[in-house]
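S.K.: So the protein sequences, as listed, match chains W and B.
All residue numbers for the first sequence refer to the numbering used here, where the first residue is 1 and numbers rise by one.
All residue numbers for the second sequence refer to the numbering used here, where the first residue is 1 and numbers rise by one.
Simulated from the structure, these hints should not be mistaken for lab results.
Fair warning: this is a prediction, and the values are worked out from it, not measured in the lab.
We put the beta carbon where it would ideally sit given N, CA and C, even for glycine.
Do not rely on the hints blindly, as some may be mistaken.
For lysine to aspartate or glutamate, the following DMTMM-like pairs were computed, each having C-alpha atoms within a straight-line distance of at most 25 Å [unchecked claim]: (1) W:K88 - B:D114; (2) B:K174 - B:E122; (3) W:K88 - B:E109; (4) B:K157 - W:E85; (5) B:K150 - B:E103; (6) B:K157 - W:D29; (7) W:K88 - W:E251; (8) B:K150 - B:D186; (9) B:K150 - W:E85; (10) B:K157 - B:D146; (11) B:K174 - B:D195; (12) W:K88 - B:E103; (13) B:K257 - B:E245; (14) B:K157 - B:E109; (15) B:K157 - B:E136; (16) B:K257 - B:E239; (17) B:K141 - B:E122; (18) B:K150 - W:D29; (19) B:K157 - B:D114; (20) B:K141 - B:D172; (21) B:K150 - B:D140.
Example chain B residues on the side facing chain W (calculated, C-beta under 7 Å, incomplete) [what the hints assert, rightly or not]: (22) S70; (23) W72; (24) L92; (25) A93; (26) R95; (27) T97; (28) Y100; (29) P102; (30) A106; (31) Y108; (32) T110; (33) F119; (34) E122; (35) I123; (36) S125.
Derived coverage of chain W by chain B (criterion: at least 3 residues anywhere in the stretch with Cβ under 8 Å from a Cβ of chain B; other residues may be distant) [what the hints assert, rightly or not]: (37) 5–15; (38) 93–106.
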Amino acid sequence: MNVSNALTPMQMIGGICVIARRELAAYFDSSIAYVYTIAFVVLANSIFMNEFFLTGTVDMTGFFDMLPLLLVVFLPAVTMRLWAEERKSRTIELLLTLPIRPSQAVIGKFLSALGLFALFLIGSLPIVIMLMSLGSPDLGLIASGYFGAVLFGAMFLAFGMFLSALSGDQIVAFVSSAILGFALVLTGDGRVVAVLDGLFPALSVGTILYEHVSVMPHYDAFVRGVVQLSSLVYFGMFTVLFLWLNAIVLERNRV
Amino acid sequence: MPEVQLSAATASQSPLASPAQTMIDVQEVTRRYGQTLAADRVSFQVATGEIVGFLGPNGAGKSTVLKMISTWLPPTTGTVAVAGHDVQRQSLAVRRTLGYLPEHNAMYETMRVDRFLRFMGEIRSMSGGYLASRIEWVVDKCTLADVMRKRVNQCSKGYRQRIGLAAALLHDPKVILLDEPTHGLDPLQVVAFRDFIQELRPGRAILFSSHILAEVMAICERLLIINHGKLLADATVAELRAEAERDDCTLEQAVLKIVTREQRA
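Use the sequences and the hints to build the structure in full.
M.R.: Following this line, the structure appears as structure tokens:
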């Protein structure tokens with residue numbers, strides 16, 4: 001019997017799409033999608049509106065400024081189930097004995113999480129419409145902010161999913177992803193940088209973390225309307241790195 | 001080598017099979033979990049047209065061996081080939097050839113049965129009329145028509161087992177691995193399952209595990225007895241019966257003897 005051991009590009013993409021579709025449907029089947037999206041949209045929009053009335057400027061920077069702190073909580077909640085649930089319910093054995101490569105499963109799941117995150121962001125579009133009806137906001141700045149938010153989300157989803165594969169437990173996956181997320185965001189805060197620098201003046205740890213590790217300088221550049229190559233590389237590199245590590249974990253951790 | 005070899009009866013003696021038709025070839029396979037030896041130099045073959053029962057108490061190593069054939073677990077040493085494809089180097093080809101019902105029959109609980117079957121087909125690159133006709137066939141054979149629009153977690157245990165079986169058979173696999181397929185089925189369903197497996201036999205190699213002797217005897221004519229990771233016997237049911245008659249005991253006692261002989265050794 002001669003069965004091919006190869007995967008054509010069409011089969012590769014087809015498998016990714018089938019998995020992404022199933023995962024996205026699973027978010028809706030279990031009502032996670034509705035609950036998270038409604039909670040996120042209500043929170044994000046109400047926090048922004050509060051600030052909008054205080055500052056009174058036709059601009060969305062305030063929304064993008066508070067977005068990271070919300071995403072640090074919401075994105076781990078999206079990714080925590082992706083592998084931990086498969087392990088707990090043992091469906092991982094079913095999935096990974098199907099004729100697909102682990103990378104297809106990883107990318108498919110990642111795209112489904114990205115799809116749900118896109119729904120979160122779409123929920124903030126009424127703000128854009130409102131601003132446009134009130135005045136003439138800088139649409140380029142808004143687009144750049146959204147672009148940054150998508151890259152930020154993609155990276156957070158990638159490491160959240162990786163930690164879900166690593167831990168095998170949803171709570172552990174959530175907490176570890178949230179802690180890592182907070183660390184990446186808080187090391188971008190001026191006060192935290194100052195405190196860390198003060199702790200070890202000779203090493204200036206805070207500054208080093210801010211310049212080389214933190215997500216915030218890169219994200220803030222997009223929010224200010226600056227699309228710089230180094231930031232694209234930062235987000236792209238970490239996203240791909242965690243997806244790749246995720247596939248490796250799946251290959252190794254089989255019990 | 002198995003310590004107790006009731007006979008040299010293997011695939012090569014069956015009229016249906018020749019060495020070229022060996023579909024599952026397990027050679028000196030060992031699997032360790034830390035210090036535990038879950039499979040200890042296990043070797044056997046299953047050929048096209050054969051239904052082989054894998055018998056052993058809980059924790060004997062049946063699932064471990066099936067998991068290695070399914071490509072899920074890599075063997076610590078030894079080789080496993082399915083339809084001539086090595087499970088480690090050509091795992092994609094193996095997985096395309098296999099229909100596998102894993103232990104505990106885990107499925108996506110919140111998915112609707114029809115969508116679950118469709119997913120299992122699409123992920124195997126099946127589509128259109130072919131997928132529809134295959135779904136129709138498994139739904140008919142596994143009598144799933146009544147639950148197609150229900151969620152998996154709303155189905156009874158008997159239905160769940162049949163959904164798992166349907167998913168494993170959807171792509172018309174030539175090698176079928178079933179880990180405790182009758183678990184949770186009522187007696188009537190077991191009879192139906194037995195008939196269905198017999199119907200599937202032509203052109204396929206079927207290996208299924210169970211810890212119930214009567215079940216294995218009813219379905220297959222060859223069985224592998226395993227305990228503590230060691231293959232203790234590879235015998236036809238007829239040979240086992242002859243052995244029981246010779247020793248003037250029941251079949252159960254004959255099997256028990258094989259298992260305890262090993263423990264004493």
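S.K.: Now, for every hint given, state plainly whether the structure supports it.
M.R.: Verification of the hints:
{"no.": "1", "hint": "W:K88 - B:D114", "verdict": "23 Å, holds"}
{"no.": "2", "hint": "B:K174 - B:E122", "verdict": "19 Å, holds"}
{"no.": "3", "hint": "W:K88 - B:E109", "verdict": "12 Å, holds"}
{"no.": "4", "hint": "B:K157 - W:E85", "verdict": "21 Å, holds"}
{"no.": "5", "hint": "B:K150 - B:E103", "verdict": "23 Å, holds"}
{"no.": "6", "hint": "B:K157 - W:D29", "verdict": "21 Å, holds"}
{"no.": "7", "hint": "W:K88 - W:E251", "verdict": "17 Å, holds"}
{"no.": "8", "hint": "B:K150 - B:D186", "verdict": "21 Å, holds"}
{"no.": "9", "hint": "B:K150 - W:E85", "verdict": "21 Å, holds"}
{"no.": "10", "hint": "B:K157 - B:D146", "verdict": "14 Å, holds"}
{"no.": "11", "hint": "B:K174 - B:D195", "verdict": "18 Å, holds"}
{"no.": "12", "hint": "W:K88 - B:E103", "verdict": "14 Å, holds"}
{"no.": "13", "hint": "B:K257 - B:E245", "verdict": "13 Å, holds"}
{"no.": "14", "hint": "B:K157 - B:E109", "verdict": "12 Å, holds"}
{"no.": "15", "hint": "B:K157 - B:E136", "verdict": "21 Å, holds"}
{"no.": "16", "hint": "B:K257 - B:E239", "verdict": "14 Å, holds"}
{"no.": "17", "hint": "B:K141 - B:E122", "verdict": "20 Å, holds"}
{"no.": "18", "hint": "B:K150 - W:D29", "verdict": "12 Å, holds"}
{"no.": "19", "hint": "B:K157 - B:D114", "verdict": "17 Å, holds"}
{"no.": "20", "hint": "B:K141 - B:D172", "verdict": "13 Å, holds"}
{"no.": "21", "hint": "B:K150 - B:D140", "verdict": "16 Å, holds"}
{"no.": "22", "hint": "S70", "verdict": "5 Å, holds"}
{"no.": "23", "hint": "W72", "verdict": "5 Å, holds"}
{"no.": "24", "hint": "L92", "verdict": "5 Å, holds"}
{"no.": "25", "hint": "A93", "verdict": "4 Å, holds"}
{"no.": "26", "hint": "R95", "verdict": "4 Å, holds"}
{"no.": "27", "hint": "T97", "verdict": "5 Å, holds"}
{"no.": "28", "hint": "Y100", "verdict": "5 Å, holds"}
{"no.": "29", "hint": "P102", "verdict": "5 Å, holds"}
{"no.": "30", "hint": "A106", "verdict": "4 Å, holds"}
{"no.": "31", "hint": "Y108", "verdict": "6 Å, holds"}
{"no.": "32", "hint": "T110", "verdict": "4 Å, holds"}
{"no.": "33", "hint": "F119", "verdict": "5 Å, holds"}
{"no.": "34", "hint": "E122", "verdict": "5 Å, holds"}
{"no.": "35", "hint": "I123", "verdict": "5 Å, holds"}
{"no.": "36", "hint": "S125", "verdict": "6 Å, holds"}
{"no.": "37", "hint": "5–15", "verdict": "holds (count 6)"}
{"no.": "38", "hint": "93–106", "verdict": "holds (count 8)"}
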